[in-house]
Amino acid sequence: MAETILQKIVERGHYKFVDSVETWQEAVKLSTDTLVATGYCTADYYQQINDCVEKYGPYVVFDHYVAMPHSQEGAGGVLKTSVGFMRVKDVVDFGEDEDGEKKEAKLFFTLASCDPNEHLDNIQQLMGIFTNEDLLDALMEAETPEDILKAEQDFPCEEF
Amino acid sequence: MAQKLDNKKLLACCANGAGSSLMMEKAVEKVMKKYGVKPAELRHCPVSEGKTAARNYDVVFCARTFAKTFEGNLGANTTLIPLRNVMSAPEIEKALKEAGLVE
Numbered sequence: 004m005a006e007t008i009l010q011k012i013v014e015r016g017h018y019k020f021v022d023s024v025e026t027w028q029e030a031v032k033l034s035t036d037t038l039v040a041t042g043y044c045t046a047d048y049y050q051q052i053n054d055c056v057e058k059y060g061p062y063v064v065f066d067h068y069v070a071m072p073h074s075q076e077g078a079g080g081v082l083k084t085s086v087g088f089m090r091v092k093d094v095v096d097f098g099e100d101e102d103g104e105k106k107e108a109k110l111f112f113t114l115a116s117c118d119p120n121e122h123l124d125n126i127q128q129l130m131g132i133f134t135n136e137d138l139l140d141a142l143m144e145a146e147t148p149e150d151i152l153k154a155e156q157d158f159p160c161e162e163f
Numbered sequence: 124m125a126q127k128l129d130n131k132k133l134l135a136c137c138a139n140g141a142g143s144s145l146m147m148e149k150a151v152e153k154v155m156k157k158y159g160v161k162p163a164e165l166r167h168c169p170v171s172e173g174k175t176a177a178r179n180y181d182v183v184f185c186a187r188t189f190a191k192t193f194e195g196n197l198g199a200n201t202t203l204i205p206l207r208n209v210m211s212a213p214e215i216e217k218a219l220k221e222a223g224l225v226e
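Residue numbers (our numbering), protein chains in the order written: chain A, 4 to 163; chain B, 124 to 226.
To be clear, the hints were calculated from the coordinates, so they are not data collected in a lab. Treat the hints with caution; some may be incorrect.
[To be verified] In silico DSS-like links for lysine-lysine, alpha-carbon gap of 27 Å or less:
no., chain 1, residue 1, chain 2, residue 2
1, A, K11, B, K132
2, B, K220, B, K191
3, A, K58, B, K127
4, A, K11, A, K83
5, B, K217, B, K157
6, B, K220, B, K127
7, A, K106, B, K127
8, A, K106, B, K157
9, A, K105, B, K191
[To be verified] Among chain A residues calculated to face chain B with C-beta under 8 Å, some are:
no., residue
10, G60
11, Q75
12, L114
13, D118
14, E121
Where a beta carbon is used, it is the ideal one built from N, C-alpha and C, also for glycine.
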């Protein structure tokens, strides 16, 4: 069977465990660190993501403390397609959306996409993860890459 | 049984046209399969492009944040479906049912 996205994240070292951050902007920047370090995106890619969130609001924050920071398809700054994972222990505050609903995140799945096929596969797998609350709960408790893999084994995803 | 959305054109929009609109497209696809609907077209794009394209579509899906953007940009027969959770197939199914578009 092909590798799952969480297996790729672990294998490529695209994971980070953080206790707390001051601002969501800092969180987004930190979430791109491992992608920058391994040559998947440029050091200023986070700025494009932050500009987008500032312009359109925190629509990249979903239910169950999940954020998917990303920029445009074919965005400048992306060198290779991957997803960076970051778990923050303390809730990151993204403010409120236009309906006054609080937007908060602890799990970051930061997209760097330039290969449409791999991106499509990543998105489909991410949907499986984002709708799997047991897995998300386990990932929020993860401290090591082994914990990520174990969480996935314990709570397999539905295929989209 | 024939469905109202058979041969219709469906569009999913988000800010970038890269992440959440693709998730929406996949979630819509799931609902279409469940009801055996065969739309003529189902695609995703950025809101900037969707704004001008919307009038040529029968149904446009977007995150609630972007609903305002489409005001005055829809065709006479275009239904706009703003979503709270863009990847929720149950929410999409419920909204389409309420709009009388699937049964």
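Results for each hint:
1. A/K11 <-> B/K132: Given pair A/K11, B/K132 is violated - Cα atoms ~36 Å apart, limit 27 Å.
2. B/K220 <-> B/K191: holds (22 Å)
3. A/K58 <-> B/K127: violated (36 Å)
4. A/K11 <-> A/K83: At roughly 13 Å apart (the allowed maximum being 27 Å), A/K83 and A/K11 satisfy the hint.
5. B/K217 <-> B/K157: holds (13 Å)
6. B/K220 <-> B/K127: holds (11 Å)
7. A/K106 <-> B/K127: violated (36 Å)
8. A/K106 <-> B/K157: Roughly 31 Å between the alpha carbons, so the hint for A/K106 and B/K157 is violated.
9. A/K105 <-> B/K191: holds (20 Å)
10. G60: holds (5 Å)
11. Q75: holds (4 Å)
12. L114: It holds, given that the least Cβ distance between A/L114 and chain B is near 6 Å, below 8 Å.
13. D118: violated (12 Å)
14. E121: violated (13 Å)
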